[in-house]
Amino acid sequence: MSPVDGAGIDNPNLPVDPAVNEGRIPDRDPQGIPELHEVDCPPEMQERIEALMSRYPDRRSASIPALWAVQERYGWCTPEGIRQAAAVMRFTPAYLESVASFYDLLHTEPVGTHRIEVCTNISCWMRGGDGLLDAFEAAAAGEDDFYVTGFECLGACDIAPMASIDQRYYGPLEMAEAATAIAQLKAGEEVLPEKALDRRALAGDVPHPGEGADA
Amino acid sequence: MSGKEVTIVIDGREIVASEGEMLHDAARKGDVEIPVFCYEPKLGDPVGACRMCLVEIEGIPKLQTSCSTPVRDGMVVHTRTEQVKHAQSAVVEFLLVNHPLDCPVCDKGGECPLQDITQGWGPGKSRVIDEKRHFPKPVELSPLVAIDRERCILCYRCVRFSQEVTEDEQLQLLERGDRSFVGTFDERPYVAPFHGNITDICPVGALTNYTYRFRARPWDIEQAGSVCTLCPSQCNVSFTVRDEKVKRVITRDNHEVDDGWICDRGRYGFEMFDAEERVRGPHLRGDGAADWETAIGAAAAGLRAAGGKVAAIVGDASNEEGYLVQRLLRETLGSPHLDSRRSRGPAREQIVRLAQPELSAKVSDIDAADAILVLGTDPLHSSPILDLRVRKAIRRGGAKLGVATERPTALDGGAEAIARYAPGEASGFLVELTEALTEVGAPSSLGTSSKEGGTADAMGALPSSSAKRSEGAPTSVADTLQGAEKVVIVWGERITRERGAIEGLFEVAEALGLAEKDGSGLLEIPDATNARGLREAGCLPDAGPGLSEPNRSFYGSGPQKARLDGKGTEEIRAALESGELEALILFGVDPLRDFPDTPAWARALTAAKHVVTFSMFETLTTAASDVVFPLETHAEKDGTVTHPDGHLQRVRPAAGRPGEIRSNIQVLSELSAALGHDTGIDSQPSAFAALTEAIPFYSGITDADIGGRGIRWQDTPAAVRVPSASAGAPSSLGTSSKEGGTADAMGALPSSSAKRSEGAPALALGTYRDLWAGPITDLNPPLKFLRPSQRLEIAPSDAERLDLKSGEKVSVSQNGTAVEAEVQIKERVPEGVVFLAEGTAEGNANGLLNGGPVRVRIQKLSEVPA
Amino acid sequence: MPEQRVLLEHADDPALRTIDGYKRLAGGYATMERAYRELEQDEVLSELEDSGLRGRGGAGFSMGKKASFLPRGEMAKYLCCNADESEPGAFKDRELMQRNPHQLIEGIAIAALAADAGHAFIFIRGEYAEQADILDAAVAAAYEAGYLGENILGTHRDLELVVHRGAGAYICGEETALLDALEGKRGNPRLKPPFPAVQGLYGGPTLINNVETLANVPHIVRHGAEWFKGFGTEQSPGTKVVSVSGGVRRPGNYEVELGIPTRELIYDLAGGPEHGHEIKAFYPGGSSSPVLTAAEGLDLPYSFEAMAEAGSMLGSGSIIVADDRVSIPHMALRTARFYHHESCGKCAPCREGTNWTVKMLERVVRGEATPMDLDIISSVQENIMGHCLCVLGDSMAMPVSAMVRKFRDEFEQVIEDAGLDPHVVVQAPPETMGASA
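Chains as they are written, first to last, in the working numbering: chain A, 1 to 215; chain B, 216 to 1081; chain C, 1082 to 1518.
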């Protein structure tokens, strides 16, 4: 780490930061709580956030729901979207960005509209989750519309290996079904209907795998 | 804390502690050191996040964090068992897992808690061979503070400071887990008036000041304590000095005054001690630098020639300096015309009443207050540290806040009741408040001022974050104050520019019974740092040292016949213009920048025959002066100042005086001698001795009493010798007696309604002293980015009516004078009122003020005829 | 022993999701009506306490006792349903909410009576979007039918119920972190004491219970504490919905009496290991529980006390089975990675401990390690345990140290197999480095 160039007036051996003699000038403005007239918040979003705030005894509780609303509107939590929510809620955008960045499902960077979260946690890993993730990544390669990521336990170990596709669970999936799902999403068709979670029966009601039932 | 005493046993020793006190603090009282990182009592409740302070408490199987465990009677604690040592070593090891080996190049080295604690409680050898976590480093967090995120140990002190002390909430934690880092929204700079404090509280070298990077190691420097005199907060500071130059300013933690914080102006405003514009020696108009003898001779000659038609205005001065100036004027020059205020002010009687100990509150009273009224000032701009104090009282003490000002304040968000009165209508508001307070039970519709133009309405408080309050239930200011046991009114001296305001304030104080209530009273925020000290030292047209009535005896045996009818600041100006006065001594004031009605002052200074100015820097005023003498800064001065709440504090020299600067006390002495009167005072001790003798209620206070923490004169035995307030109640309309030249006379000012110009709609103008508008910002390169340009704050409805957008340039004019400003639309500005800042280098609003409320005309700059 | 369906009774019938179906199939809301109209707060509390119902979210604390900690008085009190199920291996709450939302709503309503709460929240993890939709619809229906809102059933009691979706953080399952998240902040745990029962949501008294715990409430109040104690063991009464997954042939949720032999759960109900494979080890209580080898654990009764005695825990009641194909070092790494990802970062031992453990395990798995590194890993787990702000640190330290201890040979073999010279300076892989670029 080299000292800053430029020595002090009195002692040539003391390096001096330009802040001392010239002053540093920031290239951007700070951001406090924006006023509503400074941001262009879509009226429906403002109404929605205000309705969310009214559900709680303390309006701060509506932070995550408001961020969900921003993400639904803009595809991810854009800085501008965060500013708009901040203006409506009377918080600083820094606060909302801090909250958003803590959670896995709120994105503070642009992501594709179709979200595919492939579970790579223990039970799914045992049943091929890593390979499934690779398959999805390969199938969606180069497509900006798709966001594929590994994810921690989604609470669907009974259908391992599984993925959450646009907030719906599908499994157990085979490698080849990754490409199928991507194709279905692109075509606007129903995704892997037989693998959807809400179609499954209770485990105990599924025929018991007897001895020799699967070789 | 209940105050009850309990006994606990730590490491076999009995220690007496207060019930409810945190175990860590109790241990420290008993000389047992428990290492901590995230624990900082200044920041409020403990978080127990760093786990460094784990101790063993008998009866509890798991180790507990001592910072968050309140003591109970009979608690038995062990801090040096194997289990505890193992835990402490483990925590240090964990903190060092990702901490970079930057010590050789890190500013914090040598004064670093992480180094110290590693040395004392760490494992001694690293087992980590994996690569550590990386961040780009260092990054500009703000133009003044650099952040090195690799060094950060995520103790959250800085984030908690931003969220819970200053409540600006710009600094936050981002991401999660070991990817967490401290940052701002969208990588914007962290700009806030207190953000420099995070470099004080950061326990590692993650947050460093750009002004101090690589400038010194702790063994190169000396620390010297003093008091910052850049604003009435008078925070206690410690200067870091190397080779007789100030390199850094840090806090000196005085709970009674500053609660351990300092604002950025005080922290970074030291480069100016060496600025080019600094007056380094006396000089004469036109002739350039002169030696001391010549200069003093010239000054004396000019003053003598005025033959008693001389006045003095004092501003930035210590008690000793103020005392000597008033002696110079009264004894040596035989003139009664002097003042220490920028404009009109209360008469002597009222100042005496304000000085009554029962009526005055001290700063720490705010902590325990049940209700606080902020009146006529925005503490963030006028006395920044009080803004933090009020926030603390609301957040931790449960205090209720009422705000009554012309202009929206930074504290509005936490206020229960807000009242906006039109500019110049503070007295009207106070009358209504008194009525509301004396009406039993009736809820008041307070704050509606019917005066022309300014619509002030009792705005409902903005919803606060506290969960318990139901939103949308506005209470009036009176409701907030009524029934509270401890009430503190923080009020701005500015309101006394209006007639009737100080009387109105007394009526409110009486209606609330402040004098009878414990821990209650008035706390003034004056314009000048040492305003109170100067008043009590006698720098008033109608009062002498100790607020004594002017009488012939203290004019001593001076050559001139003593006169009693002293003129105040405004009258002095008028008299200079008319020629009634011929000479002027300006001590630490810059009328052309800081006083209302700049054109009038310019005329006055031109008309004056002889102007002697004492100034730290070259200003417009020094350019218009005949003799200019240098002034010491608060890092070079030796003297005492008096805090607005009565604390006498000591300013001590820390750095060397540049150039030919001499001690002001000495200079005033020599000047007096040159005029034929040797006071015999030429040093701080002798000046202080004379001062305490002359002021009855300071008598007996010694240097040792003041010490490093100050002493409140109201707490000394001499306090009973304060003059008593006159038996008769002050008249309610504020007509103070002309005798003695009160500073309250309105003067011949045109009534506002006559100024409404035809055609263009006129708006009422309110002004305020912006924190950053002044020479401190101009002359300190690190603060340059904060230099404010003139902004016209306007309500959205008015902006729409006048077809103005934020950022547009406009011309704001009144009675022939105009200033340029940039439009800034702000939601909370009341309709019909606009605000401009005083003291900006360009477009100074003081140019438009002519003593009373004014109305202004706004035109787009593009439409103003060339 | 077959399943014992109480909570999952009729769960195969989609009509159960509607109020009509719930009433018809399960006699739904009758208990709530009786409780609101006829029972006192103390009566409900004592029934719950007598039943011995233990928290089903992982801690296993007596639910009734926890509810009785709430102070009395006029202040606002709250009830939070912890539906943040994010423990690896656990998916029982998902099943309960998806198939029988009204059972949960009724349980919340009755528990709110026990706690005198006027405002209730279901904090459901954001990933459970489908289940949250179902809950939204069920809550709306309950409001319409007058089971929620103001003046419920004319009893002058109010109860507002808000379905609050999380946004993806395991730590929000920790009760104080849940409170912070519900208050709109980052999900950081708080110091305890003060406990949520006294100072919880918005600083007021708060009762926090798991989905399954609350789902039991209508049944207990309907049939009585004695009925409930008729199931299970003395220290672990009642039924439990157990999630079984991993190397078994029929993974899924099975509701059984507590105390059932673990072997029966895994073999008879979940179909046992895949054909031709043996069970090597299993997590009895989700990934936070120390693993038990097949020899150690299969013949234990599946109950709170038996698992605790064996040095592990029942936790949320989620069994993850590792068969002989699973490499334990890799499983340890996968487990550690989870906690590293989910650590909130507030306290140093967990934040840095998880980071360091992952880095070391990655080197082990790559073979760039020595047996001494295994000692360091164990030492680091010791350093984490008992020193953190919340249990997440322990939740990694316990399983990882158990794995290193019980399968030391396998770890050393992995190191040896890679055959690298351990004196070579290693380079860490990019995943464990710092912030997003």
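A portion of the hints provided could be inaccurate.
Said to hold, decoys possible - Dumping the calculated DSSO-like pairs for lysine-lysine here, alpha-carbon to alpha-carbon at most 30 Å:
#1 B:K257 / C:K1273
#2 B:K1041 / B:K999
#3 B:K340 / B:K277
#4 B:K1041 / B:K1020
#5 B:K300 / B:K244
#6 C:K1104 / B:K607
#7 B:K244 / B:K607
#8 B:K352 / B:K300
#9 C:K1146 / B:K257
#10 C:K1146 / B:K607
#11 B:K607 / B:K1041
#12 C:K1310 / B:K340
#13 C:K1273 / B:K244
#14 C:K1266 / B:K300
#15 C:K1104 / B:K277
#16 B:K277 / C:K1146
#17 C:K1146 / B:K352
#18 C:K1266 / B:K347
#19 B:K300 / C:K1487
#20 B:K219 / B:K460
#21 B:K257 / B:K352
#22 B:K1075 / B:K1024
#23 C:K1146 / B:K340
#24 B:K352 / C:K1487
#25 C:K1104 / C:K1266
#26 B:K277 / B:K219
#27 B:K300 / B:K340
#28 B:K257 / B:K577
#29 B:K1041 / C:K1266
#30 C:K1266 / B:K219
The set of hints was computed from the structure by calculation and includes no laboratory data.
Earlier hints that do not hold, by number: 6, 8, 9, 10, 12, 14, 15, 17, 20, 23, 24, 25, 30
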